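J.: Use the sequences and the hints to build the structure in full.
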Amino acid sequence: MHSRILLIYCAALLATPFTSTPATAQLLPQLPFDHPFQQPDKHQAPFTPPQPPHTPPLPQDFAPQQHTLQLRHIFAHGAPGAKTAKVFRRLRVDDETRAQMAQVNLLNQGSSSPGSSFEHTLSDTLFPYPSTLSYGQSESPPRQQRVPDAKEHATVVSMVRMALDCYVDPKRQGWVDIGDEWDVETEIGWLEAGLRGYIFSSEDDKTVVIGIKGTSLKLFGTGGGPTGNNDKLNDNKMFSCCCGKVDRTWWGVCGCYMGGIQCSQQCLVEDAQKDRDESESYYGIGLKVVDAARALYPDADIFLTGHSLGGSVASLLGVTKGYPVFTFQSPGDMLYGKRVGIVKEQLTEADLDELPIWQFGHTADPIYMGTCNGATSTCYTAGYAMEAKCHLGKTCVYDTMKELGWHQNIQAHTIFTFINVVENWASMTEGKGLPEVPECTAQADCQDCSNWEFV
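Residues -25 to -1, 1 to 430 in mature numbering (1 follows the signal peptide of the UniProt record, and there is no 0) are what the sequence shown spells out, letter by letter.
Note that these hints are calculated values from the structure, not bench results.
Remember, predicted model here, so these are calculated numbers, not experimental data.
Restraint ranges, calculated between C-beta atoms of paired labels, are given here:
id: 1; residue 1: Asp266; residue 2: Arg147; range: 17 to 25 angstroms
id: 2; residue 1: Thr96; residue 2: Gly149; range: 24 to 32 angstroms
id: 3; residue 1: Val151; residue 2: Thr356; range: 40 to 48 angstroms
id: 4; residue 1: Gln241; residue 2: Gln321; range: 12 to 20 angstroms
id: 5; residue 1: Gly380; residue 2: Glu428; range: 34 to 42 angstroms
id: 6; residue 1: Met233; residue 2: His128; range: 45 to 53 angstroms
id: 7; residue 1: Gln321; residue 2: Asp266; range: 25 to 33 angstroms
id: 8; residue 1: Ala74; residue 2: Pro410; range: 31 to 39 angstroms
id: 9; residue 1: Asp274; residue 2: Pro39; range: 14 to 22 angstroms
id: 10; residue 1: Asp152; residue 2: Gln422; range: 41 to 49 angstroms
Here are the simulated DMTMM-like cross-link-like pairs (lysine to aspartate or glutamate), alpha carbons at most 25 angstroms apart as the crow flies:
id: 11; residue 1: Lys313; residue 2: Asp326
id: 12; residue 1: Lys369; residue 2: Glu320
id: 13; residue 1: Lys249; residue 2: Asp423
id: 14; residue 1: Lys249; residue 2: Glu320
id: 15; residue 1: Lys58; residue 2: Asp152
id: 16; residue 1: Lys407; residue 2: Glu378
Where a beta carbon is used, it is the ideal one built from N, C-alpha and C, also for glycine.
T.: And the structure:
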């Protein structure tokens, strides 16, 4: 078996900034087959989603509103498979905590990006929602829903900076257990492991953004956390074609591989069901975090954001719960969304346009573009099967390769690199007539795993 000496990809990859070179809240309804995760056989009709609800045109007098949000709470849940897997806690963030967190220099990388006050301003617009793509029912009734304005530069900057804020470790006392009590003195490293949800809210508690952070891994000796094996297991389940079984030298993370290029579809959906029902994945944990945030803010409009794996988890949670999502540099999430049963198998461009999900990235990032695979890739060398490339909702792509002469490089996946692109795209492409925010379009013709047979 080949050497796996590099640990490269993580839910929140934070490394030295890249320098370019020129050149389950509600029960699923009964489907027309026995189980919502069981695929119909050839004698049964395929699942047909309900007709979309009537959505009136946008009101003529609607004007975008600005909302100032501040970090108010942090939820932390232990990593699946770890001794602290059931630890679930909440920290109330006060002015003192925000001030302490604002002094953190992430990984001491000396980024030129200014620090955070953990206060952000965003503008909203209206979007016809909920979508009818979900098997389940959305938590909100059919209506015009407020969403962050994906065309407004300052709003996109605020959302990506909230995703960055999720990497700051709040080394504070005062965590409150949710559910069973745990002895914090015996849980060394519990905060660094697992998944965290950062809750930003407006003063009137009517607008909330949940930032999702997954666990970091070490990259070339920098950064990192203690749960690398758990991250790899989740990544290889969510973003691989067949349980991370890339070739005969790889050990799969589930038993669905059938030999050759064949993989059991029934096995894959059953494994995804376990992720959802038994919280055996970051997606399952994320459902708990989102439900806890909703309990704190029952009357709020909730949005989600996240970077890398955290963004993919946020996107899946948004589809499940009916919340708008902004992601940044996230791997393809459509494949896992189909397997876990939250979107239908065949998605048209119109279907994807219905989803209020905006997935931002740039062409020099191989994780976002779905090209970090194959025997010569860094992901392969490190033991990560990053094969998924198709995204739910719409992709908003900064073409750094064409416009700036960048080349694909794993270092281009760092959030510091991307924040620089988002904030300074106009000046970086001055004179080319490009908008500050790229056009967002659905990946209508995208196909994952076309070289596999699912039986």
